[in-house]
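Position chain Z against the provided structure of chain C, taking the given hints into account.
Residue numbers (our numbering), protein chains in the order written: chain C, 68 to 268; chain Z, 3 to 312.
Treat the hints with care, since some could be wrong.
Stated by the list, open to error - No more than 20 Å apart at the CA atoms, straight line, and that leaves these computed lysine to any residue pairs for SDA-like:
| id | chain 1 | residue 1 | chain 2 | residue 2 |
| --- | --- | --- | --- | --- |
| 1 | Z | LYS67 | C | ARG99 |
| 2 | Z | LYS18 | C | TYR232 |
| 3 | C | LYS162 | C | THR213 |
| 4 | Z | LYS25 | C | SER248 |
| 5 | C | LYS131 | Z | ALA76 |
| 6 | C | LYS134 | Z | ARG73 |
| 7 | Z | LYS54 | C | LEU209 |
| 8 | Z | LYS25 | C | GLU255 |
| 9 | Z | LYS54 | C | PHE264 |
| 10 | Z | LYS25 | Z | GLY37 |
| 11 | Z | LYS54 | C | SER231 |
| 12 | Z | LYS54 | C | GLY229 |
| 13 | C | LYS247 | Z | LYS46 |
| 14 | C | LYS131 | Z | GLN66 |
| 15 | Z | LYS307 | Z | VAL285 |
| 16 | Z | LYS46 | Z | ALA26 |
| 17 | C | LYS102 | Z | GLU59 |
| 18 | C | LYS102 | Z | VAL58 |
| 19 | Z | LYS67 | C | GLU120 |
| 20 | C | LYS87 | Z | ARG71 |
| 21 | Z | LYS46 | C | ASP202 |
| 22 | Z | LYS67 | C | ASN132 |
| 23 | Z | LYS46 | C | GLN262 |
| 24 | Z | LYS67 | C | ILE127 |
| 25 | Z | LYS54 | C | ALA256 |
| 26 | C | LYS102 | Z | ILE69 |
| 27 | C | LYS134 | Z | GLU77 |
| 28 | C | LYS102 | Z | GLN66 |
| 29 | Z | LYS6 | C | ALA256 |
Said to hold, decoys possible - For the chain C half of the interface with chain Z, some residues (derived, Cβ under 7 Å), not all of them:
| id | residue |
| --- | --- |
| 30 | VAL90 |
| 31 | VAL97 |
| 32 | TYR130 |
| 33 | ASP226 |
Note that these hints are calculated values from the structure, not bench results. Just so it is clear, CB atoms sit at the ideal spot from N, CA and C, and this is done for glycine as well.
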Amino acid sequence: MKGKTQTRDDDLEYVSLCRKGDVAAFEALVRRHEKRMFNIAYRVIGHYDEACEVVQDAFISAYKNIKGFKGEAKFSTWLYAICINLSRNRLRQLKTRRYREGRSLDDPIMTPDGEIAADPPSGEPSALDRLETRDVQQKVQLCINTLDAEFREVIVLRDIQGFSYEEISAMLKVPEGTVKSRLFRAREAMRACLQDFMGDR
Amino acid sequence: MECKDIQKRHSAYIEKAVSPQEKAAIDAHLKQCKGCRQALADLKRTIEYVQKLEEVEPPRWLAQKVIARVRAEAEEKPGIVKRLFYPIHIKLPLEAIAVIFIAVGAIYILKTMQPQMQLAKIPTETKEMAPAPAPKKEAPAALSKKEPTAATAGDQLMYEKRMETQAERSMGKAKAPAAMAEQERTAPAAGTAYRDEPDHRGLLAPQAVSPKAAAKGKAKEVHFLVHVADLDTASRDIAETLRQLGGRAITTEPLKNRAVIDAEINVNKLQELTDQLHLIGDVQEKGSADKAAEGDVAVTIDVLKMQESR
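One chain only, chain C, in its complex shape (with noise of 0.2 Å):
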């Protein structure tokens, strides 16, 4: 990706500082990867405003532990891994409380409106075109809603967020093959999954 070797040497500079104990320095990290935090919560765990405490809560364990970052792998992915693990955990209590509460996991996740941008730029029409492209925004959430922990992460990093191989393997720490058949396989799935949606149509 274009301009990682240089946000890398930025980040381990905001990182020396914050180790000093400057707040702002951190501060300026939070900003910085917000947004893709929040992304990564939000396509895994599938609903916002867990995705909200999942993130703030990532935050404070890395500003706790940031002495724990070694600098082995760029601070980013180890930022992102506490996010993902974080947020793999949120998804099992969520899990656990539906089954609980007897609910049913094709139940629609709710997706708050206007944050999701309406009009993308439409491919050639297709089959799996007939969907609006709002509705397929949603879909493709739900589909993977469907998936388990183990899938969402891979596509999300890999197809959502455009990791490689070899940071997703960092962060999950699985080595790259398995990275790559989870992928597949998930995408498979997806594919079955928006093929449904396709058909019910």
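For chain Z alone, kept in the frame of chain C given last:
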């Protein structure tokens, strides 16, 4: 290859993560299989949809809230540092106070223990007071200097005297009459010395504390000399008599031609004891106890074998 297998490899095919041979096989299959072409197209589209997912804007308050929480956390940090170091400010005085308390406590305990330790010695010493009247005269003089040290000095003297008397005693038969005579002579003196003592202490050392008073109480002592024909039988009889009279701490010290029996008995039983002793042998009483006194008196009975010549 089956369509299923081909479709399983589609994702890898899109990612170009297949070997050249596999790619060739998939390409060949796709050319002749419409279903697989469609599936591949759908998969590509799916990936596109996923990739096209819009970025979601986090709420504006999110960063602010994170920063606020981080600041709160950062403010707690000096709190933690303070918590670690603050006690040191308290600790030092606390430690100082603790040291002072321990020191004062130790001194107090020593001071209260010391008289008790002296007291513990006194009974054995006072027992010897009567046969050793000489130091009595010196002790009050020494007492007048400085009470605590003088007392120990006096004790020391008594102790030495005691050793002397012990030696005297062990001299045995040959010197026995002489010793006896001497004892007889010193007896009244001992009595006076003994009676004088509390007054001396009272006058010279009004600050003399309870241990001294206790020592005074213990000093109530009666000394009998009993001349008997059969030493062993008489000793046993006397010990038995003491027991019957409720005597405590009865010790018999058998020596050659002689036995020393120590005991503590109630002062009321003293007359009875005297009567009993008269039945056993020829009794001489020395250092009579204060008749008005209450409680126990220490009784020392010197049982002497009657000399043939007598």
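Hints, verified against the model:
1. Z:LYS67 - C:ARG99: Distance of about 15 Å is within 20 Å: holds.
2. Z:LYS18 - C:TYR232: With Cα atoms ~14 Å apart, Z:LYS18 and C:TYR232 stay inside 20 Å; holds.
3. C:LYS162 - C:THR213: holds, 12 Å
4. Z:LYS25 - C:SER248: Since the Cα atoms of Z:LYS25 and C:SER248 sit roughly 17 Å apart, the hinted pair holds (cutoff 20 Å).
5. C:LYS131 - Z:ALA76: At roughly 9 Å apart (the allowed maximum being 20 Å), Z:ALA76 and C:LYS131 satisfy the hint.
6. C:LYS134 - Z:ARG73: holds, 17 Å
7. Z:LYS54 - C:LEU209: It holds: about 15 Å lies between the C-alpha atoms, which stays within 20 Å.
8. Z:LYS25 - C:GLU255: Satisfied, since the Cα-Cα distance of roughly 18 Å is no more than 20 Å.
9. Z:LYS54 - C:PHE264: holds, 18 Å
10. Z:LYS25 - Z:GLY37: holds, 18 Å
11. Z:LYS54 - C:SER231: holds, 17 Å
12. Z:LYS54 - C:GLY229: This hinted pair holds, its Cα atoms lying about 11 Å apart.
13. C:LYS247 - Z:LYS46: holds, 16 Å
14. C:LYS131 - Z:GLN66: holds, 17 Å
15. Z:LYS307 - Z:VAL285: Roughly 12 Å separates the two Cα atoms, so the pair holds.
16. Z:LYS46 - Z:ALA26: holds, 19 Å
17. C:LYS102 - Z:GLU59: holds, 7 Å
18. C:LYS102 - Z:VAL58: OK: C:LYS102 and Z:VAL58 at ~8 Å, within 20 Å.
19. Z:LYS67 - C:GLU120: holds, 10 Å
20. C:LYS87 - Z:ARG71: Holds: C:LYS87 and Z:ARG71 sit about 18 Å apart, inside 20 Å.
21. Z:LYS46 - C:ASP202: holds, 18 Å
22. Z:LYS67 - C:ASN132: holds, 19 Å
23. Z:LYS46 - C:GLN262: The hint holds at about 13 Å.
24. Z:LYS67 - C:ILE127: holds, 10 Å
25. Z:LYS54 - C:ALA256: holds, 17 Å
26. C:LYS102 - Z:ILE69: holds, 14 Å
27. C:LYS134 - Z:GLU77: holds, 17 Å
28. C:LYS102 - Z:GLN66: holds, 13 Å
29. Z:LYS6 - C:ALA256: Since the Cα atoms of Z:LYS6 and C:ALA256 sit roughly 14 Å apart, the hinted pair holds (cutoff 20 Å).
30. VAL90: holds, 5 Å
31. VAL97: holds, 5 Å
32. TYR130: OK, holds: C:TYR130 within 7 Å of chain Z, min 5 Å.
33. ASP226: Hint holds; C:ASP226 Cβ to chain Z Cβ min 4 Å, cut 7 Å.
Checked against the numbered hints above, the structure violates none of them.
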